[in-house]
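J.: Listed below, chain by chain, are the residues.
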Amino acid sequence: MTTFDFFVLSGLLFAVGLFGVIVRRNVISLFFSLELLLNSANVLLVGFSKLQGNLFGEVFVFFVLAVAAAEAAVGLAVVVALYRYRKSVNTEDFSILRW
Amino acid sequence: MELNVKLLFPEFFVLTAAVVGILIDLLLPKRMKNGFFATFSVFVLFICVFLVLFSSPFVPEEAFNGFVKKDLLTGLSQVLILFSSLIAVFVSYGFLKKFDTDYVGEFYYTLLFAVFGAMLMVSANELATLFVSLEVMSISVYILSALFRKDYRGKEAALKYFIMGSVGAAVIVYGFALLYGLSGSTLYGEVGRAISTLSFPVLLSLALVISGFLFKLGAVPFHGWTPDVYHGAPTPVTLFMGAVVKIAAFVALLKLFYPVFLPLVSEWGEVFAVIGVVSAFAGALMALRQENVKRMLAYSAISHTGVVLTALVSVPAVAVFSVLFYLFAYAFMTVAAFGFVSLLTENGFKGENLSDWRNLYGKSPFLALSLVVIFMSLAGIPPLFGFWAKFYILVALVKVGKVGIAVAILVASVISLYFYLRPVVYAFMRKGEAVLPPVEPFELGAVAVTVLFLIIFGLFPELISQASIFALSSFLRGII
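Chains Y and X supply the protein sequences, listed in that same order. Read in order, the letters of the first sequence correspond to residues 16 to 114 in our numbering. Read in order, the letters of the second sequence correspond to residues 4 to 483 in our numbering.
Simulated from the structure, these hints should not be mistaken for laboratory data. Among these hints, one or two may not hold up.
[Claimed, not checked] Short derived list, chain Y residues pointing at chain X, Cβ under 10 angstroms: (1) Phe22; (2) Leu24; (3) Phe34; (4) Phe46; (5) Ser48; (6) Phe63; (7) Ser64; (8) Leu66; (9) Gly72; (10) Val79; (11) Ala81; (12) Gly90.
[As the list claims (entries may be wrong)] 20 angstroms max Cα-Cα, derived SDA-like pairs, lysine to any residue: (13) Lys102(Y) / Arg152(X); (14) Lys153(X) / Arg99(Y); (15) Lys153(X) / Val23(Y); (16) Lys102(Y) / Tyr155(X); (17) Lys353(X) / Arg113(Y); (18) Lys153(X) / Leu91(Y); (19) Lys65(Y) / Glu193(X); (20) Lys153(X) / Tyr98(Y); (21) Lys102(Y) / Val89(Y); (22) Lys366(X) / Asn41(Y); (23) Lys65(Y) / Ala197(X); (24) Lys102(Y) / Arg156(X); (25) Lys153(X) / Arg101(Y); (26) Lys353(X) / Val104(Y); (27) Lys402(X) / Glu273(X); (28) Lys353(X) / Arg99(Y); (29) Lys153(X) / Ala92(Y); (30) Lys102(Y) / Gly187(X); (31) Lys353(X) / Lys65(Y); (32) Lys153(X) / Val89(Y); (33) Lys153(X) / Ser110(Y); (34) Lys65(Y) / Gly187(X); (35) Lys153(X) / Tyr100(Y); (36) Lys153(X) / Ala96(Y); (37) Lys153(X) / Val104(Y); (38) Lys153(X) / Thr17(Y); (39) Lys153(X) / Lys65(Y); (40) Lys153(X) / Ile111(Y).
Quick reminder that beta carbons are idealized off the backbone N, C-alpha and C, glycines included.
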């Protein structure tokens, strides 16, 4: 795999993630898309790390992974708390705050 | 290049205090928690203000092999962050007495973690450090908004903020990955050396980093979450979001963009100016018809963010100075405004709407007068603090010949005068009964002190402008 392949792969992942964030209405699928967004950056970092021949990128990936895990934990906790009120995980049902 | 750990002593102090808070939380009975943790946080933040004041170097110093760089810009913004957090703690103390939650201890130490994140964010000198500290701050704020019992609104706000904030973070980190690929390093100085011309990869990374920051700041193309989140989150948390998160994001933006994208300063300056003008207008126009004060203040925050962003089109030195001065004024005004709303809020979210403020003057003349000071300062009426902030931005714009942008900002300010006057009209001229819950003395004291500061700094703006000039010269010393 060349660096260009890494770039294409991460670009595709980013596009899929962004598409998911915009289109999806189910909060769990939305979280998957968010993870995809973060992981596309990880793929890019690892690819560039290989290209540049130093480890800054690889270490950055660990930090991004840790942050992604923390985000997922907090996000799921919020969704569970919301589910108790609405019995649903659909973003359309969380809409008392508007305009 | 060495570790130089002592430079980060204030940050470590807050972090240790937060961890100690977790342990104490396990030992205390619930009825003592609010009082104890409020006192504890106030002491920690107060001591930390002095630590920052005594440890900020004028000549920039680096720690952790250049991952963290401190100068007076960092020191000054950290003092501002700590001051806003102090007021947030005072306001939270009153708020937690009125509204029930099972997580009193968690509330205070998560607040301390958020302060830690913000303090580290303004001193970061490396991409990964910036990203991690940004997320430490953001994740803590997501948690804070969702902690109150029987508060569906706060949890919905937390979810919305979480989704938008995470997208922003992912976009920023993708931009950082591209910068790393271009330069082979994540230190600001070395990344900056690799970027000289506007090639396609540089443009892409610049666009991604700018959009990520606009997500976090809540400026126009990505402002959708701001009103919902400011409205839904518990008022002390909104105060924290409005003041601390904004200061940290703006200062981090200055510290990232000037060293890294210095050769392209005219290009991204223009972009920020256009976005700023659009935000200033969008915020002002959408705030006109709001009945809920928190939502109105959220739109006004969008408008203020826009005004600050336009300053970046000016010469770097002038831009940093006027942004820093505006941040000072903005932090004091936001803290005072949301503290005031929290003071009047009663169970069932009464007291947040304009109609609940009718004839406030009849019930409490002091509160009504501080309302006038707060909202007139937000509108930028002389001789209050907000006026000088706007004045310096306009001077910065006119100096570089951007008279069109300056006029646009003036027009937006005139529009915003309408909605800043509405609370005053309600409080003084409308007949009715204001909602006035029993006032907590600490909360009232905190709001009164900030209002006093708004007047003092309005009369003596030199105090802040001198400090800003010191911070600016120290910052410039670091990037040349």
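J.: Decide, hint by hint, whether the structure agrees.
T.: Tested hints:
1. The interface hint given for Phe22(Y) holds, since its Cβ lies 8 angstroms from the closest Cβ of chain X, which is under the 10 angstroms cut-off.
2. Violation of the interface hint for Leu24(Y) is found here, the shortest Cβ-Cβ separation to chain X being roughly 13 angstroms, above the 10 angstroms cut-off.
3. For Phe34(Y), the suggested interface contact is broken, since its CB lies about 12 angstroms from the closest CB of chain X, more than 10 angstroms.
4. The interface hint given for Phe46(Y) holds, since its Cβ lies 9 angstroms from the closest Cβ of chain X, which is under the 10 angstroms cut-off.
5. Taking 10 angstroms as the C-beta cut-off, the interface hint given for Ser48(Y) holds, the closest approach to chain X being about 9 angstroms.
6. At about 4 angstroms, the closest approach between the beta carbon of Phe63(Y) and any beta carbon in chain X falls short of 10 angstroms, and the interface hint on this residue holds.
7. Among the interface hints, the one on Ser64(Y) holds; its C-beta lies about 8 angstroms from the nearest C-beta in chain X, closer than the 10 angstroms criterion.
8. With 10 angstroms as the threshold, the beta carbon of Leu66(Y) comes within range of chain X, its nearest partner Cβ sitting at about 7 angstroms, so the hint holds.
9. Annotation: Gly72(Y) was flagged as interfacial toward chain X, and the flag holds, the nearest CB pair being 6 angstroms apart, inside 10 angstroms.
10. Against a cut-off of 10 angstroms between C-beta atoms, the interface hint on Val79(Y) holds, since the closest Cβ of chain X lies about 6 angstroms away.
11. About 8 angstroms separates the beta-carbon of Ala81(Y) from the nearest beta-carbon of chain X, less than 10 angstroms, and the hint is met.
12. A least Cβ separation of about 5 angstroms between Gly90(Y) and chain X falls short of the 10 angstroms threshold, and the interface hint therefore holds.
13. Straight-line distance between C-alpha atoms of Lys102(Y) and Arg152(X) comes to about 17 angstroms, which keeps the hinted pair within the 20 angstroms bound.
14. With a C-alpha separation of about 11 angstroms, the suggested pair Lys153(X) and Arg99(Y) falls inside the 20 angstroms cut-off, and the hint holds.
15. About 47 angstroms separates the Cα atoms of Lys153(X) and Val23(Y), which puts this hinted pair outside 20 angstroms; it is violated.
16. Restraint check for Lys102(Y) and Tyr155(X): the C-alpha separation of about 13 angstroms stays at or below 20 angstroms, so the hint holds.
17. A hinted pair counts as satisfied when its Cα atoms are at most 20 angstroms apart, and Lys353(X) with Arg113(Y) qualifies at roughly 18 angstroms.
18. Distance check on the hinted pair: Lys153(X) and Leu91(Y) sit about 18 angstroms apart at the alpha-carbon level, within 20 angstroms; holds.
19. At roughly 18 angstroms between alpha-carbon atoms, Lys65(Y) and Glu193(X) fall within 20 angstroms of each other, so this suggested pair holds.
20. In summary, the hint linking Lys153(X) to Tyr98(Y) is supported, as the alpha carbons are separated by about 13 angstroms, within the 20 angstroms threshold.
21. Note on Lys102(Y) and Val89(Y): the hinted pairing holds, with a Cα-Cα distance of about 19 angstroms set against a maximum of 20 angstroms.
22. Distance hint between Lys366(X) and Asn41(Y) is unfulfilled; the C-alpha atoms sit about 48 angstroms from each other, more than 20 angstroms.
23. With a C-alpha separation of about 18 angstroms, the suggested pairing of Lys65(Y) with Ala197(X) holds against the 20 angstroms cut-off.
24. Annotation: proposed proximity of Lys102(Y) to Arg156(X) holds, straight-line Cα distance about 15 angstroms (limit 20 angstroms).
25. Using a Cα cut-off of 20 angstroms, the hinted pair Lys153(X) and Arg101(Y) holds, with the two alpha carbons roughly 13 angstroms apart.
26. Note on Lys353(X) and Val104(Y): the hinted pairing is violated, with a Cα-Cα distance of about 29 angstroms set against a maximum of 20 angstroms.
27. For the suggested pair Lys402(X) and Glu273(X), the alpha carbons sit about 15 angstroms apart, so the restraint of at most 20 angstroms is met.
28. In summary, the hint linking Lys353(X) to Arg99(Y) is not supported, as the alpha carbons are separated by about 24 angstroms, beyond the 20 angstroms threshold.
29. For the hint pairing Lys153(X) with Ala92(Y), the CA-to-CA distance comes to about 16 angstroms; that is within 20 angstroms, so the pair holds.
30. Restraint check for Lys102(Y) and Gly187(X): not satisfied, since their Cα atoms lie roughly 49 angstroms apart, outside the 20 angstroms limit.
31. At most 20 angstroms may separate the alpha-carbon atoms for a hinted pair to count; Lys353(X) and Lys65(Y) exceed this at roughly 58 angstroms.
32. Taking the CA atoms of Lys153(X) and Val89(Y), the gap is near 19 angstroms; set against the 20 angstroms cutoff, the hint holds.
33. At most 20 angstroms may separate the alpha-carbon atoms for a hinted pair to count; Lys153(X) and Ser110(Y) meet this at roughly 17 angstroms.
34. Between Lys65(Y) and Gly187(X), the direct Cα distance comes to roughly 10 angstroms. Compliance with the 20 angstroms bound is thereby established for this hinted pair.
35. Note on Lys153(X) and Tyr100(Y): the hinted pairing holds, with a Cα-Cα distance of about 9 angstroms set against a maximum of 20 angstroms.
36. A distance of roughly 10 angstroms separates the Cα atoms of Lys153(X) and Ala96(Y); the hinted pair therefore holds under the 20 angstroms criterion.
37. Straight-line distance between C-alpha atoms of Lys153(X) and Val104(Y) comes to about 18 angstroms, which keeps the hinted pair within the 20 angstroms bound.
38. Between Lys153(X) and Thr17(Y), the direct Cα distance comes to roughly 54 angstroms. Violation of the 20 angstroms bound is thereby established for this hinted pair.
39. Under the criterion of a C-alpha separation no larger than 20 angstroms, the hint pairing Lys153(X) with Lys65(Y) is inconsistent with the structure, at around 51 angstroms.
40. Restraint check for Lys153(X) and Ile111(Y): satisfied, since their Cα atoms lie roughly 15 angstroms apart, inside the 20 angstroms limit.
Consistency with the previously given hints fails for numbers 2, 3, 15, 22, 26, 28, 30, 31, 38, 39, ordered from lowest to highest.
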